[in-house]
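Novice: Residue numbers (my numbering), protein chains in the order written: chain H, 36 to 431; chain P, 7 to 268.
What the hints contain is simulated information worked out from the structure, not anything from laboratory work.
In this text the structure is predicted, and so the values were computed from the model without any measurement.
Virtual Cβ for every residue (Gly too), placed ideally from N, Cα, C.
One should not assume that every hint holds.
Taking CB as the label site, the calculated pair distances span [unchecked claim]:
id, chain 1, residue 1, chain 2, residue 2, range
1, P, Glu166, H, Glu402, 56 to 66 Å
2, H, Asn86, P, Asp83, 47 to 57 Å
3, P, Gly113, H, Glu65, 30 to 40 Å
Which chain P residues stay away from chain H? Per the calculated CB distances, all over 12 Å, these [to be verified]:
id, residue
4, Lys95
5, Ala143
6, Lys190
7, Phe199
8, Tyr205
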Amino acid sequence: MKKGRYGEFGGQYAPETLMNALSELEAEFEKAIKDEKFWEEFNFYLREYANRPSNLYFAKRMTEDLGGCKIYLKREDLNHTGAHKINNVLGQIILAKRMGKKKVIAETGAGQHGVATATAAALFGMECEVFMGEEDTKRQELNVFRMNLLGAKVTPVKSGTGTLKDACNEAMRAWAEHAGDTFYVLGSAVGPHPYPAIVKEFQRVISREMKEQILEKEGRLPDYVIACVGGGSNAIGSFAEFIGEPSVKLIGAEAAGKGIDTPYHAATISKGEVGVLHGMKSLFLQDEYGGIQEVYSISAGLDYPGIGPEHAYLHKTGRAQYYPVTDKEAVDAFCYLTKTEGIIPAVESAHAVAQAIKMAPKLPKDEIMIICLSGRGDKDVYSVAKYLGVEFNEQD
Amino acid sequence: MNRIDKMFLDKKGQKVFIPFITAGDPDIGTTMDLVFAMEEAGADLIELGVPFSDPIAEGPVIQEANARALKNGVNLDIIFDAVGKIRKKSQIPLVFLMYYNSLFKYGLERFFKACKEYGIDGVIIPDLPYEESGEIAEYEEKYNVYQISLISPTSHDRIEKIAKSAKGFLYCVSSLGVTGARDKFETDFKAFFDEINKYAKIPKCLGFGIKDETQAKLLREYADGIIVGSAVVALIKEGKDKEEKIRLVKEYVSKMAKATKE
Chain H
36 MKKGRYGEFG GQYAPETLMN ALSELEAEFE KAIKDEKFWE EFNFYLREYA
86 NRPSNLYFAK RMTEDLGGCK IYLKREDLNH TGAHKINNVL GQIILAKRMG
136 KKKVIAETGA GQHGVATATA AALFGMECEV FMGEEDTKRQ ELNVFRMNLL
186 GAKVTPVKSG TGTLKDACNE AMRAWAEHAG DTFYVLGSAV GPHPYPAIVK
236 EFQRVISREM KEQILEKEGR LPDYVIACVG GGSNAIGSFA EFIGEPSVKL
286 IGAEAAGKGI DTPYHAATIS KGEVGVLHGM KSLFLQDEYG GIQEVYSISA
336 GLDYPGIGPE HAYLHKTGRA QYYPVTDKEA VDAFCYLTKT EGIIPAVESA
386 HAVAQAIKMA PKLPKDEIMI ICLSGRGDKD VYSVAKYLGV EFNEQD
Chain P
7 MNRIDKMFLD KKGQKVFIPF ITAGDPDIGT TMDLVFAMEE AGADLIELGV
57 PFSDPIAEGP VIQEANARAL KNGVNLDIIF DAVGKIRKKS QIPLVFLMYY
107 NSLFKYGLER FFKACKEYGI DGVIIPDLPY EESGEIAEYE EKYNVYQISL
157 ISPTSHDRIE KIAKSAKGFL YCVSSLGVTG ARDKFETDFK AFFDEINKYA
207 KIPKCLGFGI KDETQAKLLR EYADGIIVGS AVVALIKEGK DKEEKIRLVK
257 EYVSKMAKAT KE
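Pulled out of the complex, with its shape left as it was, chain H reads as follows (with noise of 0.2 Å):
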């Protein structure tokens, strides 16, 4: 395959005042994987300041009710700042130092990344900027408070919709004008070649512990590894250890909104086609003309018009299946581990949660199910509660 594409799709259509910055960022990255010192560092951070391993919880109370196959949770909900976002984000910042960038910037959705970013940019005394879209700044009030606490200038985005992707827009329109000094830090398995590769080296750790954890527990490799996908990053964290594994089934679970045949989802394998968009050939949920969709889904984390390039490629191949999970499963979902387990999850994660309830029941005794609970809920109990109908009284 050709470097960057992963057949059809990936590839690197960037502006041209991008280019440069791009071949400098690849020939960095190229390096420090081949680097111990590269790891050393990467590996301190994820273990003494992100707290890693995660742990693969065996679910048992899950396990038991659904009655189906065995279901561990891989517990990234645990790492500091609440998500997966933590890994990839410090492996960048890492690289960012290493090329001598002054300055990082990032695009955010809900804000997660956005926080993730801030709070690495905070550890090694870096300026950042954060990109969001202006209707998300107004959803998201706290977690533009919270990078404003980590010392991250927040810049609402009015352009376009005013959420996820014209925060990616906005961020490569920062990027091209100050490269120079200015590192861009993706947050998901999307963008020109060289970040989809990136984004997976980083993510990789999900799935090594994975390995390693389920082997010592149960002397084998999982039947069925699940993840939600957005752009896709905590998807390909899970399933690059697995992917050369024929047989672990991958399965993703993406945001279906109010329902794939409303105009209200995000839902990009079941309804995109092949386009081009922030720099890579993916799927998109597009016009006849190109134009891209207003996406929709309860969970701001999935809301995003495309999918990484290798999901494309995967569910191309059918390496992969991806399935479309509504609102309200993810909502039932998020209640549902709550009360089981009592872990609330993201409802990003919840996506995943709910595809797993879908299918575990049917599959025998004997098998292994791993879903990526890719994030911790706190941030979702508000949403969830409007969603559910209940109402808080405001608090000063």
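Use these hints to put chain P onto chain H, whose structure you have.
Specialist: Showing chain P alone in chain H's frame:
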């Protein structure tokens, strides 16, 4: 050889002026009249922006023009139709500026075939760099429609391969970042063009950020032409009605063309 080469040949070394407008901003009828008015005012080639939902190389002024055009339901078929009508009266070289997804979704061959049929001479695709342009090469050649290549101040050792294979003219980007009027430029134009001139066999035009006559007069010595986008688009927004929009643009283009050429 197409209309672009012929225009530069006819100019015999005289500098050229290239204005940009977003097709369908605010409506396709105005776009057609603006093309005629700009040609009359001294434009030598016209860039037509094909509106897109996510124009990542554009600053706020052209982003808004894209949004206005899309809101009015303008699409590639409507634009091709307008180009066909323009061609009944004018042979000015016309170049699309568009994002790759608009072209890709339309269908590569269908797109280039339509360009030839309706009379589009070239296409600038900000998000299709040299490395990825192989996928359209076959159709460019078959239909004699040029992909206009961009060179930026950070292109460095990429300049050679880009310049050597470029067709029509080279679009030299004056500054980093996005389109939009600028007060000053950080680029060392002498060094930038010295490097380009080592390899370029075709005319070089300079764009991004240029807005007034002073800048045009200062920068024309480096290039064969000056490209202005956001400043024109801003006037289209400023004009209260179609008549005023056309008058403002015509006055401006006339002034800038003069400054570029004299």
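Novice: Are all C-beta atoms of chain H more than 12 Å from that of P/Tyr205?
Specialist: Label holds. Min Cβ-Cβ 15 Å, cutoff 12 Å.
Novice: At 12 Å, judged by beta carbons, does P/Ala143 keep clear of chain H as stated?
Specialist: 15 Å, holds
Novice: Beyond 12 Å from chain H, beta-carbon-wise, is P/Lys95?
Specialist: 27 Å, holds
Novice: When you take the CB atoms of P/Gly113 and H/Glu65, is the distance between them in 30 to 40 Å?
Specialist: Given range 30 to 40 Å: holds, Cβ gap about 36 Å.
Novice: Check the following: the C-beta atoms of P/Glu166 and H/Glu402 are separated by a distance inside 56 to 66 Å.
Specialist: Holds - the Cβ-Cβ distance for P/Glu166 and H/Glu402, about 57 Å, lies within 56 to 66 Å.
Novice: Quick one: work out the minimum CB distance from P/Lys190 to chain H and report holds if it exceeds 12 Å, violated otherwise.
Specialist: Since the minimum Cβ distance to chain H is about 14 Å, P/Lys190 lies beyond 12 Å and the statement holds.
Novice: Taking the minimum C-beta separation from P/Phe199 to chain H, is that value above 12 Å?
Specialist: The claim stands: P/Phe199 keeps its Cβ more than 12 Å from every Cβ of chain H (closest is about 16 Å).
Novice: Should the hint that H/Asn86 and P/Asp83 are 47 to 57 Å apart at their CB atoms be regarded as holding?
Specialist: Given range 47 to 57 Å: holds, Cβ gap about 55 Å.
When each numbered hint is compared with the structure, no violation occurs for any of them.
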